[in-house]
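4 protein chains.
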Amino acid sequence: MAKIGFIGLGNMGGPMAANLVKAGHDVTVFDLSETAMETLRAQGATLAKQVSEVCVEADFIVSMLPAGKHVKMIFLGEDGLVNHLDKKTLVIDSSTIDAQSAQDVGKALAQHGIEFVDAPVSGGVAGAAAGTLTFIVGGSHSNFERAKTVLANMGKNIFHAGDIGAGQVAKICNNMLLSILMAGTSEALQLGVDHGLDPKVLSDIMLASSGRNWTLELYNPCPEVLPNVPSSNGYKPGFMVDLMAKDLGLAQQAAQQTNSATPMGALAKNLYNLMQNQGKGSEDFSAIFKLYSEK
Amino acid sequence: MAKIGFIGLGNMGGPMAANLVKAGHDVTVFDLSETAMETLRAQGATLAKQVSEVCVEADFIVSMLPAGKHVKMIFLGEDGLVNHLDKKTLVIDSSTIDAQSAQDVGKALAQHGIEFVDAPVSGGVAGAAAGTLTFIVGGSHSNFERAKTVLANMGKNIFHAGDIGAGQVAKICNNMLLSILMAGTSEALQLGVDHGLDPKVLSDIMLASSGRNWTLELYNPCPEVLPNVPSSNGYKPGFMVDLMAKDLGLAQQAAQQTNSATPMGALAKNLYNLMQNQGKGSEDFSAIFKLYSEK
Amino acid sequence: MAKIGFIGLGNMGGPMAANLVKAGHDVTVFDLSETAMETLRAQGATLAKQVSEVCVEADFIVSMLPAGKHVKMIFLGEDGLVNHLDKKTLVIDSSTIDAQSAQDVGKALAQHGIEFVDAPVSGGVAGAAAGTLTFIVGGSHSNFERAKTVLANMGKNIFHAGDIGAGQVAKICNNMLLSILMAGTSEALQLGVDHGLDPKVLSDIMLASSGRNWTLELYNPCPEVLPNVPSSNGYKPGFMVDLMAKDLGLAQQAAQQTNSATPMGALAKNLYNLMQNQGKGSEDFSAIFKLYSEK
Amino acid sequence: MAKIGFIGLGNMGGPMAANLVKAGHDVTVFDLSETAMETLRAQGATLAKQVSEVCVEADFIVSMLPAGKHVKMIFLGEDGLVNHLDKKTLVIDSSTIDAQSAQDVGKALAQHGIEFVDAPVSGGVAGAAAGTLTFIVGGSHSNFERAKTVLANMGKNIFHAGDIGAGQVAKICNNMLLSILMAGTSEALQLGVDHGLDPKVLSDIMLASSGRNWTLELYNPCPEVLPNVPSSNGYKPGFMVDLMAKDLGLAQQAAQQTNSATPMGALAKNLYNLMQNQGKGSEDFSAIFKLYSEK
Chain Z
3 MAKIGFIGLG NMGGPMAANL VKAGHDVTVF DLSETAMETL RAQGATLAKQ
53 VSEVCVEADF IVSMLPAGKH VKMIFLGEDG LVNHLDKKTL VIDSSTIDAQ
103 SAQDVGKALA QHGIEFVDAP VSGGVAGAAA GTLTFIVGGS HSNFERAKTV
153 LANMGKNIFH AGDIGAGQVA KICNNMLLSI LMAGTSEALQ LGVDHGLDPK
203 VLSDIMLASS GRNWTLELYN PCPEVLPNVP SSNGYKPGFM VDLMAKDLGL
253 AQQAAQQTNS ATPMGALAKN LYNLMQNQGK GSEDFSAIFK LYSEK
Chain L
3 MAKIGFIGLG NMGGPMAANL VKAGHDVTVF DLSETAMETL RAQGATLAKQ
53 VSEVCVEADF IVSMLPAGKH VKMIFLGEDG LVNHLDKKTL VIDSSTIDAQ
103 SAQDVGKALA QHGIEFVDAP VSGGVAGAAA GTLTFIVGGS HSNFERAKTV
153 LANMGKNIFH AGDIGAGQVA KICNNMLLSI LMAGTSEALQ LGVDHGLDPK
203 VLSDIMLASS GRNWTLELYN PCPEVLPNVP SSNGYKPGFM VDLMAKDLGL
253 AQQAAQQTNS ATPMGALAKN LYNLMQNQGK GSEDFSAIFK LYSEK
Chain A
3 MAKIGFIGLG NMGGPMAANL VKAGHDVTVF DLSETAMETL RAQGATLAKQ
53 VSEVCVEADF IVSMLPAGKH VKMIFLGEDG LVNHLDKKTL VIDSSTIDAQ
103 SAQDVGKALA QHGIEFVDAP VSGGVAGAAA GTLTFIVGGS HSNFERAKTV
153 LANMGKNIFH AGDIGAGQVA KICNNMLLSI LMAGTSEALQ LGVDHGLDPK
203 VLSDIMLASS GRNWTLELYN PCPEVLPNVP SSNGYKPGFM VDLMAKDLGL
253 AQQAAQQTNS ATPMGALAKN LYNLMQNQGK GSEDFSAIFK LYSEK
Chain P
3 MAKIGFIGLG NMGGPMAANL VKAGHDVTVF DLSETAMETL RAQGATLAKQ
53 VSEVCVEADF IVSMLPAGKH VKMIFLGEDG LVNHLDKKTL VIDSSTIDAQ
103 SAQDVGKALA QHGIEFVDAP VSGGVAGAAA GTLTFIVGGS HSNFERAKTV
153 LANMGKNIFH AGDIGAGQVA KICNNMLLSI LMAGTSEALQ LGVDHGLDPK
203 VLSDIMLASS GRNWTLELYN PCPEVLPNVP SSNGYKPGFM VDLMAKDLGL
253 AQQAAQQTNS ATPMGALAKN LYNLMQNQGK GSEDFSAIFK LYSEK
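Chains as they are written, first to last, in the numbering used here: chain Z, 3 to 297; chain L, 3 to 297; chain A, 3 to 297; chain P, 3 to 297.
Don't take each hint at face value.
[Claimed, not checked] DSS-like cross-link-like pairs, simulated, lysine-lysine; straight-line CA separation at most 25 Å: (1) A:LYS74 <-> L:LYS109; (2) Z:LYS71 <-> P:LYS71; (3) Z:LYS74 <-> P:LYS109; (4) P:LYS202 <-> P:LYS297; (5) P:LYS248 <-> L:LYS297.
[What the hints assert, rightly or not] Short derived list, chain L residues pointing at chain A, Cβ under 10 Å: (6) ASP244; (7) GLY251; (8) GLN254; (9) GLN255; (10) ALA263; (11) PRO265; (12) MET266; (13) GLY267; (14) LEU269.
Honestly, the hints are just simulated from the structure, not real lab data.
Note that CB positions come from ideal geometry on N, CA and C, so glycine has one too.
Sequences are here, hints too, so could you generate the full structure?
Shown next as structure tokens:
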């Protein structure tokens, strides 16, 4: 069993850390929220009095933070962990942040001889609790293999996307595509409904045809086509519009860096921004269907 | 076995009619091209000297024509088939046309007591030859059941989308969604490639994640990811850009009728129009990938 | 002074016909609404008992109807005016309809030796009342010159766009561009406001720079920047969202005919469709600003 | 006359500095290019041996650099000018950079008691040489008034957009709108041409109507409509596609910060990215017309 330092005990990080404890690891945790800390203590984690304590003797550090600036601050900021980490420690950052920040942190740690992988997740709060997350990892092959031994206690599918930063890139490519599938599926379904078709019949036809996609199959945005999906539950999230808009912003930032054309992705992002303008930021991202259907 | 009149022996219609002959039906065919006619004669069909002859004693008429105006002309035009058809005949129009024209023809035939279904296909020339087409049928339940007995000799999946015209609507909804999947998948893959990712690795990750869709799985637009798809064969069609642009035009026409918002579909249509401007109308529709990748 | 038959006495047609009477012409009018007819009688027009009466001895027919199908029906339908018109009569259709219908009517009338121009207007109800409309005319040079003698009594700017149908094309090109200017100006202003700029200051800067355009100068969509525009009057029309959506539909129909790429125009159309979905169809088209600003 | 330090003698900065010399100011310049330095020496400027020398006794510093990172490095980086500047000096940054960087630099200088305005320009190389640039200034009212005394020697129109950063925001709002005008005008003209209209006639009609805008009036993208514009000169720039793409990237970055929806601006950006993909980055930005017209 490994000695693991865990930073960031939010909706995702909390249950992730708990799963590491459950798997028998010796886990020291840190978060600014005392409530979050106490929850983890009750589940068997050791509490760090200050963030640098998570580094002591650690085989692995796992971080789960809101944005690139937090990751940079924790590792590279004033009295950052870079000054406390041991060369034997592998840093695994599971935050969803921009690839550039991941690369910056990786490079700065490397200058101190510390190994790093980015390992953003998908699967949401439910997946974090159940230990069925998907991890998309960027880093060297050997660090990937090493990270896997820990990630396997928190998730089911663990992919190696490429070098440092590639995990972030692959994740936002996937989520940009997901938003396009969701918007496109919503448009196609409502166009059919507007012409008198039954959305369930049309969904079945497209599922058996070339329109088949993840949203149509598992996350139909039209109410009452599938049971147990947000659209059949008042668009209670699930995966919030605000979070999708954040990921689409990261995708556009990445596209910006390489002058990549992403007209469909840019339009999807803007449709989600329009939803935010309408005060729907906290609804599930499949609520984009209402943009088309509410008349 | 049934007596069937078949009109329109093009790339699709020819092999479809041949499959009906093979299935043992008594098939009388008509086309303006003598070559097309002779091919069918060789395969065992009877040739009609003029189009109205296909009606004689027919249990079914199957038509496979380029556009709504042709269907209207053949059935409702000067000396149109409406004047030659018997009330026992079921007319099955498998052309891909606008829903309005399908409804107009259905209504006009109904006034003469003649039954009609629209039954557009997908599956392409290969599916037509192999008898594995998908038919999406619009019409009454009993006519759907009756049409099925014939369509089953030409295709594998036969769906009932709703009333007359619904077959056309469902098909263009599906194809609009397909174009969005294809454009979106192309963007996501190229964004990854621009950041140094291997398109095969990224495809595998997205296939196992929420970006999964028909194009990624069976028709990857990035060369050398999948074997035996147009992108790995110089974008030789397959399903041509020009045909996708035609279907997207029908989708926009349908959206226009009902004031339906389809921003993603409209953008996809325009990206295909830009490809036509670049002289790529005869390439496979997955060549939209080149819009992003060629630099 | 000329003898003029006038068909269609709606919000636009009524005041237009009145201006012809005022100019001293002998005007016979027809409309299905008795109220509209009575208003014109009070203003000095002769009422036709049936539509064909407007043709009697007419030097000009002016028609102002809602859509292509009405124009086709009146002129070419059962007992259509084509059977009642004299070869000396010039038909001027001022309806905003699709170019194809204008060409169809022109061609059918030509087969009976009757001359035709399409002459759609802009300038709205206020311009119709004031006699300051803009007419964009399609037809032969001599017919344009002849039409001008009458149009000059209803409008101020009279353009010759080209052959029959060209008036319609030019009008929808202009209105498509107008919608793009309006949406773009709204986005630019709100982006500035979101960053703390004063919309009036930003408007002044852009008016003096390369962002200058008709909407910024005369029809600013941001409330309280200009007086006496719909945005400063609760977005009371003005030119309704529904009418802009109609014109954008005609533009897309025209683009469809020629496979023309219009990605910006298609997006603008869909943004207006989204506004219709939100129940804003009767607001002024500058209310698209609210799509961006309401948060 | 003032003592001015000038940093950045590129295509724009060179002639701008020369105009300050011509106006009688005592100008000390710095650039990494010796050629650029020698040109200015010949025009009467003093050469700084190292960048910090421009600060000595300076009333004003004017900087004209490629991107935010250069501005940050020069002023705030290792041995940055912040350590060499006097409190009497007003720093005027005329680079086009992201608003955030402008605000960061302004704030950091303020902590040392040094005053700052951002003052991006438009008007291009020709305007820089002729001294007819437009400056859009962000900063306090008094600093704006003070900057104006110097800017007036390099430009004609000098606007006060608001606080620090507002100059940058106003400029990218304007340029985003400009790109939308250019793309929209191109689409409308080509749609007309595709239907047989003369682009000159259509331009005249739209100029007299609600489609009027800066590009149509002064920078028509269709060849041979206007003389002496890039479209009539093989799309030789003028204002390059690559530069427009850069500004549109800054606009999207700004939109990202405030979650502002800019669907039209995002689409325009992506159309310019597609042009870059086609190898047209060095052509004038009006060459977007070719995206529509080349068939």
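Now for the hints, and whether the structure bears them out:
1. A:LYS74 <-> L:LYS109: Between LYS74 (chain A) and LYS109 (chain L) the Cα gap is close to 21 Å, so the pair holds against 25 Å.
2. Z:LYS71 <-> P:LYS71: With Cα atoms ~17 Å apart, LYS71 (chain Z) and LYS71 (chain P) stay inside 25 Å; holds.
3. Z:LYS74 <-> P:LYS109: 21 Å, holds
4. P:LYS202 <-> P:LYS297: 20 Å, holds
5. P:LYS248 <-> L:LYS297: This hinted pair holds, its Cα atoms lying about 17 Å apart.
6. ASP244: Holds - the Cβ of ASP244 (chain L) comes within 10 Å of chain A, reaching about 9 Å at its closest.
7. GLY251: 5 Å, holds
8. GLN254: At 6 Å from the nearest chain A Cβ, GLN254 (chain L) passes the 10 Å test, so the hint holds.
9. GLN255: Holds, about 7 Å.
10. ALA263: Hint holds; ALA263 (chain L) Cβ to chain A Cβ min 4 Å, cut 10 Å.
11. PRO265: 4 Å, holds
12. MET266: 9 Å, holds
13. GLY267: The hint holds - GLY267 (chain L) has a Cβ within 10 Å of chain A, the shortest such distance being about 9 Å.
14. LEU269: 6 Å, holds
Hint violations for this structure: none, all hints satisfied.
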